[in-house]
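S.K.: All chains, full assembly: derive it from the sequences and hints.
From first to last, the protein sequence lines stand for chains B and E. So the first sequence is numbered by the numbering used here: it starts at 4 and just counts up by one. So the second sequence is numbered by the numbering used here: it starts at 298 and just counts up by one.
None of these hints come from the bench; they were simulated from the model. Cβ atoms here follow ideal geometry from the backbone N, Cα and C, with glycine treated the same way. Incorrect hints may appear among the rest.
Stated by the list, open to error - Only pairs whose alpha carbons sit at most 20 Å apart, straight line, appear in this in silico SDA-like list of lysine to any residue:
hint, chain 1, residue 1, chain 2, residue 2
1, B, Lys-190, E, Lys-315
2, E, Lys-448, B, Tyr-174
3, B, Lys-190, E, Asn-384
4, B, Lys-190, E, Thr-392
5, E, Lys-485, E, Asp-467
6, B, Lys-190, E, Val-350
7, B, Lys-190, E, Lys-485
8, E, Lys-369, B, Asp-198
9, B, Lys-190, E, Thr-342
10, E, Lys-369, B, Val-199
11, E, Lys-369, B, Tyr-174
12, B, Lys-303, E, Lys-448
13, E, Lys-369, B, Leu-301
14, B, Lys-190, B, Leu-301
15, E, Lys-369, B, Lys-224
16, E, Lys-448, B, Leu-301
17, E, Lys-369, B, Asp-200
18, B, Lys-224, B, Thr-69
19, B, Lys-190, E, Glu-497
20, E, Lys-315, E, Ala-353
21, B, Lys-190, E, Glu-475
22, B, Lys-303, E, Arg-386
23, B, Lys-190, E, Gln-455
24, E, Lys-369, B, Ile-104
25, B, Lys-303, E, Asp-390
26, B, Lys-190, E, Ala-418
27, B, Lys-303, E, Leu-391
As the list claims (entries may be wrong) - Quick list of simulated restraints, FRET-style, between CB atoms:
hint, chain 1, residue 1, chain 2, residue 2, range
28, E, Ala-424, B, Pro-124, 54 to 64 Å
29, E, Asn-384, B, Ile-126, 47 to 57 Å
30, E, Ser-321, B, Leu-93, 19 to 29 Å
31, B, Glu-170, E, Gln-446, 15 to 25 Å
32, B, Gln-122, E, Ser-359, 48 to 58 Å
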Amino acid sequence: MTTLVQTLIDGVALGSLYALIALGYTMVYGILRFINFAHSDIFMLGAWFSCTIAGLLGWAVGTPPTWAFIVVLLAAMAACGLLGFIIERLAYRPLRSAPRINVLITAIGVSLFLENFGQLPKIFGNTPTKMPALIPDIALGSFAGVRLSLVNLIVIVVAVVLMGALEWLIYGTKLGRAMRAVSYDTKTAALMGIDVDRVISITFVVGSALAAAAGFLQAAKIVAVQQPAHVSWVQLGLKAFVAAVIGGIGNVRGAMIGGVLLGLVEMLGGAYLSSELRVVYVFTMLILVLLLKPEGLLGKTTVEKV
Amino acid sequence: MSAALHVDNVSIAFGGLKAVSDFSLTLREGTLHGLIGPNGAGKTTVFNLLTGVYQADHGTISLGSQRMNGLKPNQIARAGMVRTFQNIRLFGDLTVLDNVRIACWSRTTTNTLAALFRTPAHMAEEAAIAERARELLDIFDLLPREREQAKNLPYGAQRRLEIARALAMDPKVLLLDEPAAGMNPQEKIALRGLIRKVREQFGLSVLLIEHDMGLVMDICERITVLDHGEVIADGEPSAVQRNPKVIEAYLGAPNEED
Chain B
4 MTTLVQTLID GVALGSLYAL IALGYTMVYG ILRFINFAHS DIFMLGAWFS
54 CTIAGLLGWA VGTPPTWAFI VVLLAAMAAC GLLGFIIERL AYRPLRSAPR
104 INVLITAIGV SLFLENFGQL PKIFGNTPTK MPALIPDIAL GSFAGVRLSL
154 VNLIVIVVAV VLMGALEWLI YGTKLGRAMR AVSYDTKTAA LMGIDVDRVI
204 SITFVVGSAL AAAAGFLQAA KIVAVQQPAH VSWVQLGLKA FVAAVIGGIG
254 NVRGAMIGGV LLGLVEMLGG AYLSSELRVV YVFTMLILVL LLKPEGLLGK
304 TTVEKV
Chain E
298 MSAALHVDNV SIAFGGLKAV SDFSLTLREG TLHGLIGPNG AGKTTVFNLL
348 TGVYQADHGT ISLGSQRMNG LKPNQIARAG MVRTFQNIRL FGDLTVLDNV
398 RIACWSRTTT NTLAALFRTP AHMAEEAAIA ERARELLDIF DLLPREREQA
448 KNLPYGAQRR LEIARALAMD PKVLLLDEPA AGMNPQEKIA LRGLIRKVRE
498 QFGLSVLLIE HDMGLVMDIC ERITVLDHGE VIADGEPSAV QRNPKVIEAY
548 LGAPNEED
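M.R.: Rendered as structure tokens:
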């Protein structure tokens, strides 16, 4: 019982991270119908920006104030949001009317660029670094052997707050209405007076900011930040992409559910079967979903038009 | 009478195909103007040129005194030229009300930040938009279904919703692309009344593409006929009907050999 509860907590915390990243994949896909492969690198940069910003603000040594993590989180989100805006403007917008495969290849190019540029000695360097301890590593309480750490609680709370805010943005504001309209039919949306380019820019900013939040939380959680081109970033990004597909790519609520579900499956499998096969569970789940419900859990079937 | 829309010698070619050549049209303020022609004559291409989906190779398009050439579709829509579609293009996943509210976008002034803080100005604006959208839905008998997804409406209702959505943008010129397509005779009769009614009520100038000649001849004050991308006739319905070129375009030349 103790193991189960502990695993569920860890699973939800991990899944929240997946969900935050998956949202960026799914939002961009929903509007532009392409997979932004550079998204996992925005996540990576979110972690690195958090680290750097915390260092610049002098919180790398000593005990930073309790509110420090909020400042760093927001700053990293703003930085990545800006970066997302620039990437869309420079790399993707000129290809707006090009075949989708060109955009896809460009996304891979942007991804490689960000990884390798980040490795330059003047930028982040090619060695791992330590994330300043903005969130003290304490347990909030132990109930019958179940440990809820402050980091995990913050991960879950921040993820829930951000997803709530996104949900409100999309379903409760006129900008959200415009986003849904553009996602449904870009050309008609333009003819109804919606500035499609602006909506796309905002989508990239929001998606990148969410990935940055995930990057911050990941760095705060595992303390070590791997070098920018490290394979673990790609793997995490890939798992988040799987989460988006499982939930139904293009569907925002699907990405949230897919992320949490994937985190749970991974942790439960790790706890009860074998912890070495964690990646296997993720992709087994992907295969199962693709076999049984190819459109994803909340996705809708697309009818091939002949 | 002044011109609501003035199109002067507009042409566009796709590769070697001249889809529309030297198309001119003057839509007078407050008139119902028909644009007819056989299939493939270039009518929908004209709509795409007017709304900025295609850019004309040469020629000018003016809405009132404002040049439309080079503007993006959303800018043209906001300037007051709005269209509906031959094949219905509603935002199917959105509710009926949201479809109309989206088009009210053009009359909003507050931004998302204001939405975040729920400023009084923003709340008042949202309320005004909702009220305006419901007014329009009421005119088109769609109010009872405002919460349904647009894709679940019956066909005729979807057509009406498209017109309601277009009107929500406060257009000066309304472009209707085959609004009666697929409607049964009763629906067509209702549509006639509706087009006349919105023209009066909203002070619109309407350019109408339609294949149903009965409808066109009945409600239009002026007609332009297009064939192979060129204007072959322009004038009052009765004159156009007797025009030999028009008869030829629709029925073939009388002396043509088999």
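S.K.: Hint by hint, say whether it matches the structure.
M.R.: Verification of the supplied hints:
Distance restraint check for Lys-190 of chain B and Lys-315 of chain E: the Cα-Cα separation of roughly 24 Å exceeds the 20 Å cut-off, and the hinted pair is therefore not satisfied. A hinted pair counts as satisfied when its Cα atoms are at most 20 Å apart, and Lys-448 of chain E with Tyr-174 of chain B qualifies at roughly 18 Å. For the proposed pair Lys-190 of chain B and Asn-384 of chain E, the alpha carbon gap of about 13 Å is at most 20 Å, so the pair holds. A threshold of 20 Å between alpha carbons decides the hint, and for Lys-190 of chain B with Thr-392 of chain E the separation of about 19 Å falls inside it, so the pair holds.
With a C-alpha separation of about 24 Å, the suggested pairing of Lys-485 of chain E with Asp-467 of chain E is violated against the 20 Å cut-off. As the CA atoms of Lys-190 of chain B and Val-350 of chain E are separated by approximately 8 Å, the hinted pair is consistent with the 20 Å bound. For the hint linking Lys-190 of chain B to Lys-485 of chain E, the alpha-carbon distance of about 28 Å lies beyond 20 Å, and the restraint is violated. For the hint linking Lys-369 of chain E to Asp-198 of chain B, the alpha-carbon distance of about 9 Å falls within 20 Å, and the restraint holds.
Restraint check: the Cα-Cα separation between Lys-190 of chain B and Thr-342 of chain E comes to about 15 Å, which is no more than 20 Å; the hinted pair holds. For the proposed pair Lys-369 of chain E and Val-199 of chain B, the alpha carbon gap of about 10 Å is at most 20 Å, so the pair holds. The hinted pair formed by Lys-369 of chain E and Tyr-174 of chain B fails the criterion: a straight-line CA distance of about 27 Å is larger than 20 Å. In summary, the hint linking Lys-303 of chain B to Lys-448 of chain E is supported, as the alpha carbons are separated by about 14 Å, within the 20 Å threshold.
A distance of roughly 35 Å separates the Cα atoms of Lys-369 of chain E and Leu-301 of chain B; the hinted pair therefore is violated under the 20 Å criterion. With a C-alpha separation of about 25 Å, the suggested pair Lys-190 of chain B and Leu-301 of chain B falls outside the 20 Å cut-off, and the hint is violated. For the hint linking Lys-369 of chain E to Lys-224 of chain B, the alpha-carbon distance of about 47 Å lies beyond 20 Å, and the restraint is violated. Only pairs whose Cα atoms come within 20 Å are accepted, and Lys-448 of chain E paired with Leu-301 of chain B is accepted, the gap being roughly 18 Å.
Taking the CA atoms of Lys-369 of chain E and Asp-200 of chain B, the gap is near 11 Å; set against the 20 Å cutoff, the hint holds. In summary, the hint linking Lys-224 of chain B to Thr-69 of chain B is supported, as the alpha carbons are separated by about 16 Å, within the 20 Å threshold. For a cut-off of 20 Å, the pair hint linking Lys-190 of chain B to Glu-497 of chain E is broken: about 29 Å separates their Cα positions. Distance hint between Lys-315 of chain E and Ala-353 of chain E is fulfilled; the C-alpha atoms sit about 11 Å from each other, no more than 20 Å.
A C-alpha spacing of about 19 Å is found between Lys-190 of chain B and Glu-475 of chain E, which places the hinted pair at or below 20 Å, so the restraint holds. Taken as a hint, the Lys-303 of chain B and Arg-386 of chain E pair is honoured in the structure, with Cα atoms around 18 Å apart against an allowance of 20 Å. For the hint pairing Lys-190 of chain B with Gln-455 of chain E, the CA-to-CA distance comes to about 18 Å; that is within 20 Å, so the pair holds. Simply put, Lys-369 of chain E and Ile-104 of chain B have alpha-carbon atoms about 25 Å apart, too far for the 20 Å limit, and the pair is violated.
Pair hint Lys-303 of chain B plus Asp-390 of chain E holds up; C-alpha atoms about 11 Å apart against a cutoff of 20 Å. With a CA separation close to 30 Å, the supplied pair Lys-190 of chain B and Ala-418 of chain E exceeds the 20 Å bound. Distance restraint check for Lys-303 of chain B and Leu-391 of chain E: the Cα-Cα separation of roughly 14 Å lies within the 20 Å cut-off, and the hinted pair is therefore satisfied. Range check, Ala-424 of chain E to Pro-124 of chain B: Cβ separation about 57 Å, and the 54 to 64 Å hint holds.
The hinted range of 47 to 57 Å is satisfied by Asn-384 of chain E and Ile-126 of chain B, whose Cβ atoms lie roughly 51 Å apart. A C-beta distance of roughly 41 Å is found between Ser-321 of chain E and Leu-93 of chain B, which places it outside the suggested range of 19 to 29 Å. Under the hint 15 to 25 Å, the C-beta atoms of Glu-170 of chain B and Gln-446 of chain E, about 18 Å apart, fit the expected range. Distance hint check for Gln-122 of chain B and Ser-359 of chain E: the Cβ-Cβ separation is about 56 Å, which falls inside the suggested range of 48 to 58 Å.
Checked against the numbered hints given earlier, the structure breaks hints 1, 5, 7, 11, 13, 14, 15, 19, 24, 26, 30 and satisfies all the rest.
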